[in-house]
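J.: Chains as they are written, first to last, in the numbering used here: chain P, -9 to 301; chain D, 21 to 143; chain W, 213 to 345.
Hints are computed from structural coordinates only; laboratory data are not their basis.
Bear in mind that the values here come from a model prediction, so they are computed numbers and not experimental data.
Do not take every clue at face value.
Stated by the list, open to error - Partial list, derived from the structure: chain P residues whose beta carbon lies under 10 Å from chain W: (1) Val150; (2) Gly151; (3) Val153; (4) Gln154; (5) Glu155; (6) Glu157; (7) Arg158; (8) Glu165; (9) Glu200; (10) Asn230; (11) Gln234.
To be verified - From chain P, some residues computed to sit far from chain D (all C-beta separations above 10 Å): (12) Ser22; (13) Thr101; (14) Phe120; (15) Pro139; (16) Gly277.
We put the beta carbon where it would ideally sit given N, CA and C, even for glycine.
Here are the chains, one letter per residue:
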Amino acid sequence: MGDQRAKRNEDKGQGVSPAREMPPPDDVSTVSLLRELVAHLRKNRTQLREEWARRITAAKLLGAMTSEEMFAEATSVYDNYVEVLETGAVEALQAYARDLSERIIPRGVETDEVVGIVLLLRDVLARSLFAKYQTDFQLLNRILDAYEPAANRIANTVAVGFVQERERIIRQQQEAIRELSTPVLQVRERLLILPIIGVIDSQRARQLTEQLLRGIRTNRAKVVVIDITGVAAMDATVANHLVQTVEASRLLGATVIVTGLSPEIAQTLVTIGVDLGKMNTVGDLQGGIEEAERLLGYKVAPFSEISQQPI
Amino acid sequence: MEVPILKQGLYLIASIQAALSDLDLVHLRDALAEKVGKFRARGVIVDVTVLDVMDSFASRTLRDLAHMTRLRGAETVIVGIQPEVAFAMVQLGLTLEGVDTALDLEEGLAFLDKKTKRHPSRG
Amino acid sequence: MANEAVVTINTDADVVAARQKGRELATELGFVSTDSTLLATAISELARNIIRYAKHGEILIALVQSGDRVGITVVARDKGPGIANISLAMQDGFSTSGGLGLGLPGVKRLMDEFHLVSDANTGTTVTIKKWKR
Chain P
-9 MGDQRAKRNE
1 DKGQGVSPAR
11 EMPPPDDVST
21 VSLLRELVAH
31 LRKNRTQLRE
41 EWARRITAAK
51 LLGAMTSEEM
61 FAEATSVYDN
71 YVEVLETGAV
81 EALQAYARDL
91 SERIIPRGVE
101 TDEVVGIVLL
111 LRDVLARSLF
121 AKYQTDFQLL
131 NRILDAYEPA
141 ANRIANTVAV
151 GFVQERERII
161 RQQQEAIREL
171 STPVLQVRER
181 LLILPIIGVI
191 DSQRARQLTE
201 QLLRGIRTNR
211 AKVVVIDITG
221 VAAMDATVAN
231 HLVQTVEASR
241 LLGATVIVTG
251 LSPEIAQTLV
261 TIGVDLGKMN
271 TVGDLQGGIE
281 EAERLLGYKV
291 APFSEISQQP
301 I
Chain D
21 MEVPILKQGL
31 YLIASIQAAL
41 SDLDLVHLRD
51 ALAEKVGKFR
61 ARGVIVDVTV
71 LDVMDSFASR
81 TLRDLAHMTR
91 LRGAETVIVG
101 IQPEVAFAMV
111 QLGLTLEGVD
121 TALDLEEGLA
131 FLDKKTKRHP
141 SRG
Chain W
213 MANEAVVTIN
223 TDADVVAARQ
233 KGRELATELG
243 FVSTDSTLLA
253 TAISELARNI
263 IRYAKHGEIL
273 IALVQSGDRV
283 GITVVARDKG
293 PGIANISLAM
303 QDGFSTSGGL
313 GLGLPGVKRL
323 MDEFHLVSDA
333 NTGTTVTIKK
343 WKR
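Kindly produce the complete structure, drawing on both the sequences and the hints.
T.: Structure representation (structure tokens):
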């Protein structure tokens, strides 16, 4: 994982080392320099934070937040930042970055804003170091040598954490959409209908199967009508998923009726070796439901008697 | 570990309580086959609700069981296969072909009632 | 449980042990129940193959990471006779088998990634991966 990050950083031209861990300071002077600089940042916490908040507002970042919220987050980020400089422990920062992202992404905060504010903080702190050590050029250089890699690593960690959280949310949403777009309908007792519309890829097919099987169990369905009238085409893989769905449903004690089978799809099924004679197919959904009711033992009586008794 | 087998009328009901070793499953198969003969049972229900994995061995053994009991005059129905277990099974190509299945114990009993009524005279 | 486990495969009991370890790790990592079952089932089949064809072998189950995705990788290794005709073994008869043969196409279907190396000299190694959704 560290190597992957290093690669990504090289592509961005940042030239920083992997953000997974900060290497321990290699000599006593670096340790004491970092300690000194952290002390300075802590001592001047209030005004540096305010300076930073001012810069954020001036750059028109975090517009989606109220100024109180922004200040509260700024305080947390500042303290975390200084803490990571001091301890070198990136895990805490990663955890914070993920937590922050989880909170602000729904508020509409964008990646450039997050990267922007962290870089602004880096600059604000760097300038205050310039100001403090301007009289001793050599010392300033050594301080910056200690500060810069650490600061860059922090910026990287926060940005990457934000992006990863976004990606996770997108995946979650895709899954939810897939699930929503095909409801399993219970129309009668013990009878489920699964109308499939549109394009099915392998992933969606799997999801449908899982949903259907859960539905069979929950609704104690004995017959399922899968209507594929709305499906234009099916490749062999998806056709196979359909067959597996029929077989898996049977293992749960349910009979499957497939309706709306086009000649093309019928051909695909035959090609993958399905014996259509063994598969329960009916021309259209209406016919499928009637067949299902018949299997379930519903009697549709003439006007004189009205009895619909399931067996 | 032995699976308890209960007698309910003309049926035998085996409720699996925990994960079974291969040996346990084979013992169950043989025990059921023996008891079908001994009690002249007409139906057998094996409840696999608790099993969280059904692999090729389990599948094969259950098919053998159904075959053996049928030879002795009883119908076997497997009940309680979990949705995700069913999913995994069909992906592996394990379809329990030739073996009757039902959703749960209640359905299994209803199934056996219907099936055994069709052949009232069985020797 | 640590992020890695090795189960030696010699007897039927080891098959159960291996798949239970797989399920344990999957559950710990927060896999959805369905995927946990798929993984456990795949491990069960691979372990059975080892016993049936090579008598002894081992199964390694480990956490794997790529970017922010986590997953589980399983390596089933044996020094057995190897698979004579790999392409035949991998031929997908779809749902036609009744649990015959090696079940490798089925295992491949259950997993996200599948890799097979086999020859008479070094034995067989099957590597599979399942990512957390």
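J.: Run every hint past the structure and note whether it holds.
T.: Hints, one by one, checked against the model:
Given the 10 Å rule on beta carbons, the hint for Val150 of chain P holds: about 9 Å separates it from the nearest Cβ of chain W. With 10 Å as the threshold, the beta carbon of Gly151 of chain P comes within range of chain W, its nearest partner Cβ sitting at about 9 Å, so the hint holds. Against a cut-off of 10 Å between C-beta atoms, the interface hint on Val153 of chain P holds, since the closest Cβ of chain W lies about 9 Å away. Hint on Gln154 of chain P holds. Least Cβ distance to chain W is approximately 4 Å, under the 10 Å limit.
A cut of 10 Å between beta carbons decides the hint on Glu155 of chain P: the least distance to chain W is about 8 Å, and the hint holds. The beta carbon of Glu157 of chain P comes within 7 Å of a beta carbon in chain W, closer than 10 Å, and the hint placing it at the interface holds. Using the Cβ-Cβ criterion of 10 Å, the hint placing Arg158 of chain P at the interface with chain W is satisfied: the shortest such distance is roughly 7 Å. A least Cβ separation of about 7 Å between Glu165 of chain P and chain W falls short of the 10 Å threshold, and the interface hint therefore holds.
Satisfaction of the interface hint for Glu200 of chain P is found here, the shortest Cβ-Cβ separation to chain W being roughly 6 Å, below the 10 Å cut-off. A hinted interface residue such as Asn230 of chain P counts as satisfied when its beta carbon comes closer than 10 Å to some beta carbon of chain W; here the least separation is about 5 Å, so the hint holds. A least Cβ separation of about 6 Å between Gln234 of chain P and chain W falls short of the 10 Å threshold, and the interface hint therefore holds. Every CB of chain D lies more than 10 Å from the CB of Ser22 of chain P, the least distance being 58 Å, so the non-interface label holds.
With a least CB separation of 37 Å from chain D, Thr101 of chain P remains clear of the 10 Å interface cut-off, as annotated. At roughly 61 Å, the least C-beta separation between Phe120 of chain P and chain D is larger than 10 Å, which holds for a residue marked as non-interface. With a cut of 10 Å on Cβ distances, Pro139 of chain P stays outside the contact zone with chain D, its closest approach being about 48 Å. Non-interface status of Gly277 of chain P relative to chain D is upheld: no Cβ of that chain comes within 10 Å, the nearest being about 25 Å off.
Comparing the model with each earlier hint shows no violations; every hint is respected.
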